[in-house]
Amino acid sequence: MARKQSQQQQATKAADTASSGFSASAAPTPSSAAPMAARAPSPQPPAVKAAKPSKAKEAAKRKQDYGSIGVKDYDIFLLPVSDYQIMLVLTILAAAVRLFRIYQPTSVVFDEVHFGGFASKYIKGKFFMDVHPPLAKLLITLAGWLAGFDGKFDFKEIGKDYLEPGVPYVAMRMFPAICGVLLAPIMFLTLKAAGCRTMTATMGACLIIFENGLLTQARLILLDSPLMVATAFTAMAFTSFTNQHELGPSKAFSATWWFWLVMTGLGLGTTLSIKWVGLFTIAWVGSLTLIQLWVLLGDTKTVTMRIWAKHFMARAFCLIVIPLTFYMAMFAIHFAVLHNPGDGDGFMSSEFQSTLNNKGMKDVAVDVAMGSKVSIRHVNTQGGYLHSHPLMYPTGSKQQQITLYPHKDENNMWLLENQTQPIHHQTGEQINGTAAWNDLPAPAYVKNGDVIRLYHTSTHRRLHSHDVRAPVTEADWQNEVSAYGYDGFDGDANDLFRVEIIKHKSTSAIAKERVRTIQTKFKLVHIMSGCVLFSHKVKLPDWASEQQEVTCARGGTLPNSLWYVEYNEHPMLGEHAEKVNYAKPGFFGKFWELQKVMWKTNAGLVESHAWDSRPPSWPILRRGINFWGRNHLQVYLMGNPIVWWSSTAAVVAYVLFKGIAILRWQRSCSDYSSSTFKRFDYEIGTSVLGWALHYFPFYLMARQLFLHHYFPALYFAVIAFCQLFDFTTARIPGLGIRENPIINKATATSVLILAILVFYLFSPLAYGNQWTKSECKRLKLFDTWDFDCNTFPVNYADYGTMKPSSSKSATQTPQSSSAKAKQPPPPPPPPPAREQGQAQVPLQEAGNERQAAGISGSVPLPDNQKLLKREERVEYRDQDGNVLDPELVKELEGKVEFKTRYETRTRVVDAFGNEIQEPQGGWSKDLDQDQARDPVAPPHPDVEGADSETKRSSKQLIPDDPIPPPVESQEGAREAEVKEPKHASNRNEASMKNEEAAAAEAASGEESQGQAQAQATDHKVAEAAEAFV
Amino acid sequence: MATDRATAVSGADLGDARRRNVPGVDIAATPPAPIVDDKKKLAPKVGFSNTFRSITGSNLTTPFRKAPCMRRRIGHGCHQKSFLQVLDEWEFLIAPIIFTAFAIFTRLFRIGRSPIVTWDEAHFGKFGSHYLKQEFYFDVHPPLGKIMVGLSGLLAGYNGSFEFKSGETYPEELNYTFMRAFNAFFGIVCIPMAYYTARELNFKRPTVWLVTLMVLCENSYTTISRFILLDSMLLCGTVATVFCWSKFHRLQHESFEPEWFFWLFMTGLSIGCVCSVKLVGLFVTALVGLYTVEDLWNKFGNLKMPPTELAGHVAARVVGLIIVPLLVYMFSFALHFAILQNSGPGDAQMSSLFQANLRGTEVGKNSPLELAYGSKVTLKNMGYGGGLLHSHVQTYPEGSNQQQVTCYHHKDANNDWYFYPNRDETPYDAEADPRFIGDGEVIRLIHSSTGRNLHSHDIPAPISKGQKEVSCYGNLTIGDAKDHWKVEVVRDAASRDRSRIRTLTTAFRLRHKALGCYLRAGNTNLPQWGFKQIEVTCTKENKPRDTYTHWNVEAHSNDKLPPGDPGQYKSPFWHDFVHLNVAMMTSNNALVPDPDKQDDLASKWWQWPILHVGLRMCSWDDKIVKYFLLGNPLVYWGSTVSLGVFGLVVVWYLLRWQRGIKELSPKEIDHIHYSGFYPLLGWFLHYIPFVVMARVTYVHHYYPALYFAILTFGFLTDWFLRNKKPIMQYVIFGVLYTIVVGLYALFIPISWGMEGSNREYNYLKWFSTWRITDGEALLG
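Each protein sequence line maps, in turn, to chains A and B.
Residues are numbered in the numbering used here as their position in the first sequence, beginning at 1, plus a constant of 175.
Residues are numbered in the numbering used here as their position in the second sequence, beginning at 1, plus a constant of 1.
Keep in mind that the hints were calculated from the coordinates and are not lab data.
There may be inaccurate statements among the hints.
[Said to hold, decoys possible] Each computed DSS-like pair below joins lysine-lysine, with the alpha-carbon atoms no more than 25 angstroms apart:
{"#": "1", "chain 1": "A", "residue 1": "Lys-299", "chain 2": "A", "residue 2": "Lys-331"}
{"#": "2", "chain 1": "B", "residue 1": "Lys-663", "chain 2": "A", "residue 2": "Lys-476"}
{"#": "3", "chain 1": "A", "residue 1": "Lys-759", "chain 2": "A", "residue 2": "Lys-771"}
{"#": "4", "chain 1": "B", "residue 1": "Lys-533", "chain 2": "A", "residue 2": "Lys-714"}
{"#": "5", "chain 1": "A", "residue 1": "Lys-714", "chain 2": "B", "residue 2": "Lys-598"}
{"#": "6", "chain 1": "A", "residue 1": "Lys-680", "chain 2": "B", "residue 2": "Lys-605"}
{"#": "7", "chain 1": "B", "residue 1": "Lys-305", "chain 2": "B", "residue 2": "Lys-668"}
{"#": "8", "chain 1": "B", "residue 1": "Lys-598", "chain 2": "A", "residue 2": "Lys-678"}
{"#": "9", "chain 1": "B", "residue 1": "Lys-366", "chain 2": "B", "residue 2": "Lys-561"}
{"#": "10", "chain 1": "B", "residue 1": "Lys-366", "chain 2": "B", "residue 2": "Lys-412"}
{"#": "11", "chain 1": "A", "residue 1": "Lys-771", "chain 2": "B", "residue 2": "Lys-605"}
{"#": "12", "chain 1": "B", "residue 1": "Lys-598", "chain 2": "A", "residue 2": "Lys-698"}
{"#": "13", "chain 1": "A", "residue 1": "Lys-952", "chain 2": "B", "residue 2": "Lys-514"}
{"#": "14", "chain 1": "A", "residue 1": "Lys-583", "chain 2": "A", "residue 2": "Lys-537"}
{"#": "15", "chain 1": "A", "residue 1": "Lys-952", "chain 2": "B", "residue 2": "Lys-541"}
{"#": "16", "chain 1": "A", "residue 1": "Lys-678", "chain 2": "B", "residue 2": "Lys-605"}
{"#": "17", "chain 1": "B", "residue 1": "Lys-598", "chain 2": "A", "residue 2": "Lys-712"}
{"#": "18", "chain 1": "B", "residue 1": "Lys-541", "chain 2": "A", "residue 2": "Lys-948"}
{"#": "19", "chain 1": "A", "residue 1": "Lys-955", "chain 2": "B", "residue 2": "Lys-544"}
{"#": "20", "chain 1": "A", "residue 1": "Lys-955", "chain 2": "B", "residue 2": "Lys-541"}
{"#": "21", "chain 1": "A", "residue 1": "Lys-327", "chain 2": "A", "residue 2": "Lys-534"}
Everything numeric in this text was worked out from a predicted model, so none of it was measured.
Use the sequences and the hints to build the structure in full.
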């Protein structure tokens, strides 16, 4: 209502101004003047270099349609030929600047890690999960595929060499580069479509060409350059469309009008299909379209409701239906290409996964009965199956671990047993043993409320819970779940779980009454303590190979307490028993599920990054991003300060102007009666709105942000700057500037020269060219521009003499490992500073984990436990890692708290007792094969699985080193490492996680001995865990 | 323009005229003169009511008033007042009195029935006890409401000794009935205020009654007012603010008159009070703020208003709506600090100097005044909510893998550090005379229980990757120059002499000698591996005013120095005030629910307007009296629907207006604007923040917003029925009154307490999400 009143005032004022003006012939309709002051008719003819509009025509123009005064047809298809020639020259210039030495750097840069990696996954068709929509990645893949990329290169880390494996990376980089080249002519045309002079448009295009940041992004396999060109294209199409719209009813629904409207829709679809930032572009187009519709609504003379409805439908179709269809079509292609399982499976539901090749499941028997051999899957997380393996918890009860494991495996198999053994129907005797249910007269179905035991078939233990805190989650309402017992053990009361079917989550009527495979979702309530079997997205430490924690929770959320049976077999259910399988989701089901997962993952990227920055720092160009550094060369993403600061200044100038204009308008000053004033306000306002909508939403995002997220906003700011320049030098009358075209040309030229000069100065950072330390330092105007000048040599001649591998920042290159091995050994561990037997109790009171009631059985293993070759020993150490005398320990017992820690390191000793350094890339496969002969557990069906803990053994491992001493921190390799460029989603990107972990392991394997000591816990902790039981 | 608006806004007169046109009022004739006389007599007594205004604005109103009577005189004559006529005249007093009487009954009836500590009484009762015992505590809410609870305890003769454990039975000596009744008073006051607010919004009489009835017969308002909670006070403050605002708005053409000033300051006062009870009060403040901005903006556009007058308007509002509320808010904190003079559970949140001034504290007692090498100290971060510098044997899982350094609020031996000379100087000699430490000196800090040095290096901190990690490394002999920290004194509350570091009073920064960065503890929590303690980093930014880089010595012991009393300097009130407020915000934001825990009490924002869930306020045992927090379904659903309908109505008129259809008079536009749009805005302001908020939310967070939704409902009823036939109005209002009261009566057991087995009340369980009983739902 406030708006309504103000509009009313505005209308009155507009009427006032109109009547006070000398041209009273055209009394405006208040309605058309009201919503946008810019629309009120002007008493002055627009003073642009028009071809003498006749007075009569002008009067006709001033009639009561919705068209805007001071607007001419700027259709970019009707430009003079000279303009096209200039455009062509600009395009060639852009190509020359963008493509110059595009082959360098010759190794993986920044997020090429991801986007290159995705290309290889597309080629192999392996499903992955990424937070960005697929279009740009598909096109990058296409470029690579056309150039013969076979998908074998994995783009694992920054700095990985392209040349030797023969990756056609130049072709892949060409795609973003061409997008980057096209940005310049599009800027030119956009400015022309907005009515700017050719000189201004040329200046705008050149500012884009010589923008270091845009250039850097466009030369690498990244999504930002395609995103930019799509955004720019949308802006161009919509500017052209707006121009057609503003020409009034005569142009409505003409061919040009339709063309640009459809192009806007396609542009929006493309932008959105590259990155979700396209939503901001949609917001920009959408809000301006609403204004257009509002103006149309106010034109009661020429726009009937029927015509208005036509306008509305045309826009709704082109700006909503077309982009959405396009967006979904991209996902259709995405799903079609990715038909094989891959590392993104874990993010998706079982139904989704069953649509991938080889991931589909055979039909299984639907009825679950006592004696069924089942796998039980967690509903809410993609953690997988209820799993156990012959490894013990190092904490709590020290009993056998229960986890969630994402892959199919014999260790996921559980036998459902009734609370009591069945009675033989003929003899009346109790049948003992786990096979007791195999030949009853009728299968005993598992009904709602039945009390069951879950028998782990491969380790002969039963699912068990007791009053011991969960291994990771330190909440008093979560208990540990373990596997307990041995073959022939009858179990105890803590093995009993009651099945509670959640009816509203279960499909089909029968499934609500008794457990049916897949259809029934149930809770498992622990009888003795009332807690419910529960799992959540909490990973267990290395000792359980980072599998997901399973607990027994009192009052956990319902979704996380739900389970269902996926695999089911029972001897009494033969071939012809009723079968069931997952309902395969259709395209829309898959599409919607993927959107939700993308959104969740995107919102979850909150960890801070060494090169991230927050939005306030962007418009002032406070900091860049280190993309790549090697061999005394560096690629650092940084903008051209001239372009950034001038565009920011333009935005600030407009905001100040608008503020004053609003104040004056409220005081009834008649500024808006001038058509130039209105056009200035409206045209620049549109661009600044685009800037604001592409900039301010980032303030609301908690996820990690980078400088390159500002690029779309920068593009709009540059447009605003050019428009501002155009108005001041060529359109605003009375300043004396417009009358002297030389001022326009001279200013534009000087701005350009300045921009090009600055571009040239900073270009070594963009191209990764040779540079010198002194030149670098000279340009480091601010400390926050944190490119590393020390990486450059003192003068260019040094580049010839230096060995490439001696670079400090080249730690991850393979050839540097030899250099590393020569590093001096770490200093001896310091003597303990202070003898104190007391370990700290950090947050909670001394734990009562051990004396907790309800642990059935003691820590030592039952006799028939099948574990081969293990080191079993308990050591007590003080907080400095000194081994304590057992007698001393006895003394201390009760006085201090003992915490179980596993900071041992694993050493491998050869036949002569010498320690072997871990080879690069981890231990070789034959070691694994060795271990495979020790049947701790059956090998996994999917060998590629992220997890191989069940194959490992403790053979050859002597975990007796003390807690690692503090490492000498001076000159540590770690410090060099952290200075290195990191790709944007470093250790965060959804689908990269597994690979990342592997890469981290591999990387640490290469590190110096001191490093290895400090880190020894990072590897093979599974073994260490065993060793200490 | 100006005159235009004058007529537009003089709705007061219009309203008076309209109010007379009420169905149900007999059209018996009345002589005109006595009315005016009566009102003149009444005026001083009922200054707040509209009679006063009808006199000041009598020029316009009198003819209006006379007109009907003149006409009627022909038939019946205006000689005597009939009984109904008197009722009509005095309705503005009689109706609210009756409503208030009902409110007193519904809010107080059997208020002491349940002798156990119910729901958040456990918190607020306990806070009240802290005031009685004068122990310093810490809580996320401002103190005024809890001071009132304390006051009620004082009046009830309670000594503060009860612990208010949830579900416990009150002891004999604790007159909890009185304490609850004290709170219920605030709930009762809401009803007459709602009545007058509706009048001021120019609603017709039946609508005024409807709005009042909806507030009165609102089960959730009833229930929440009957316990020792802050919500009745918050609700009362919100209602009072809206009431004062509406009064003030009606007076806008009598600017700078005494009455205008009175209501301006009353608005400011109620804003101050409501904000001092709960910070939710800021939302109603925002409503008044937006109104004021719009009002001033319109005045700015009024070319006929002299600048001096405009300046006067601005100044009056700055004083009345900014300075007065701030003073009230600060006064409540001054009271808080004045009452709580003993050391208590909330000490650690405050600065060392503040703690030292509490009675019974350890801080600063018998500590040597000046710091020397070899002193054993704890270092307190001076940032808001800062803790003590801490280290423990656990190591960083990443980065350097060295020993963790954190900030920790609780006192333990791992907070102790030794000041040692740096490695370039002669080693510390325990026998020598104490050597004092001053500004600019380079020292080492050695962690007392592990013997390691405070250390930093060029490795990113675990969470704030842009800053450097701080760890503990080496020991007395092993180490390097990266253990060296330069003491830079920022200020000293006690002295200008910077050659000494003084316990408590000296604020200093620690600059890492090798990296040039400053030791900092922002309010970032480490993950579980760091036990959720505060991350300590070394920041390169040299901002001398960043208090998170300021440290002071809290505990200090040194055998060679004489004990002193460094706590004699008081920390300034302003500092304590800001400190406590920031700490409140920080911990309010930290009230993030555990995503894994099923919380049956908590609810989500989308559940409130549709009355999706209620809240069990106590255990559901058959033996105790059970209370269930659930609203009157008609009030909730009706008001929620009205929000959407109002939006549609506005869009409808806007579209038609843009199409050039002028169907609304300026008066009607103003009515929509101030009586319809502002309540809707109030609803948004009270609702949207909870949508955005990450903290755990409960049903009662919706109650202030509900009040605005009720007003919107009233507006819409009023609007749609304004030109309808009287008979239709009778019927519709009759039905609405009946349903509101009927549902209230039906659901009254959940407010007055349910005794016996919960199964007996299964008839109230319409949906399975209304967990009134454990039985099956009636519907769905």
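(request) Verify the proposed pairing of B/Lys-541 with A/Lys-948, using a straight-line Cα cut of 25 angstroms. (result) holds, 23 angstroms
(message) Tell me if the straight-line CA distance from A/Lys-955 to B/Lys-541 falls inside 25 angstroms.
(response) Answer holds: A/Lys-955 to B/Lys-541 is near 17 angstroms, not above 25 angstroms.
(request) Take a quick look at whether A/Lys-771 and B/Lys-605 sit within 25 angstroms of each other, Cα to Cα. (result) holds, 20 angstroms
(request) Starting from A/Lys-955, check that the Cα of B/Lys-544 is at most 25 angstroms away, please. (result) With a Cα-Cα distance of about 21 angstroms, the restraint between A/Lys-955 and B/Lys-544 holds, given a limit of 25 angstroms.
(request) Take the C-alpha atoms of B/Lys-366 and B/Lys-412, compute the straight-line distance between them, and say whether it is at most 25 angstroms. (result) holds, 15 angstroms
(message) Does A/Lys-678 sit within 25 angstroms of B/Lys-598, going by the straight-line distance between their CA atoms?
(response) holds, 21 angstroms
(message) Would the hint linking B/Lys-366 and B/Lys-561 be met if the CA-CA limit is 25 angstroms?
(response) holds, 16 angstroms
(request) Please work out if B/Lys-305 and B/Lys-668 have their alpha carbons no farther apart than 25 angstroms. (result) Roughly 21 angstroms between the alpha carbons, so the hint for B/Lys-305 and B/Lys-668 holds.
(message) Tell me if the straight-line CA distance from B/Lys-598 to A/Lys-712 falls inside 25 angstroms.
(response) Given that 25 angstroms is the threshold and the Cα spacing comes to 13 angstroms, the pair holds.
(request) Below or equal to 25 angstroms on CA atoms is what counts here, so check A/Lys-327 against A/Lys-534. (result) The given pair, whose Cα atoms are some 23 angstroms apart, holds under the 25 angstroms limit.
(message) Need the status of pair B/Lys-533, A/Lys-714: alpha-carbon distance at most 25 angstroms?
(response) holds, 17 angstroms
(message) Hinted pair, alpha-carbon criterion (25 angstroms max): A/Lys-583, A/Lys-537. Please report holds or violated.
(response) holds, 13 angstroms
Against the hints set out earlier in the document, no violation occurs for any number.
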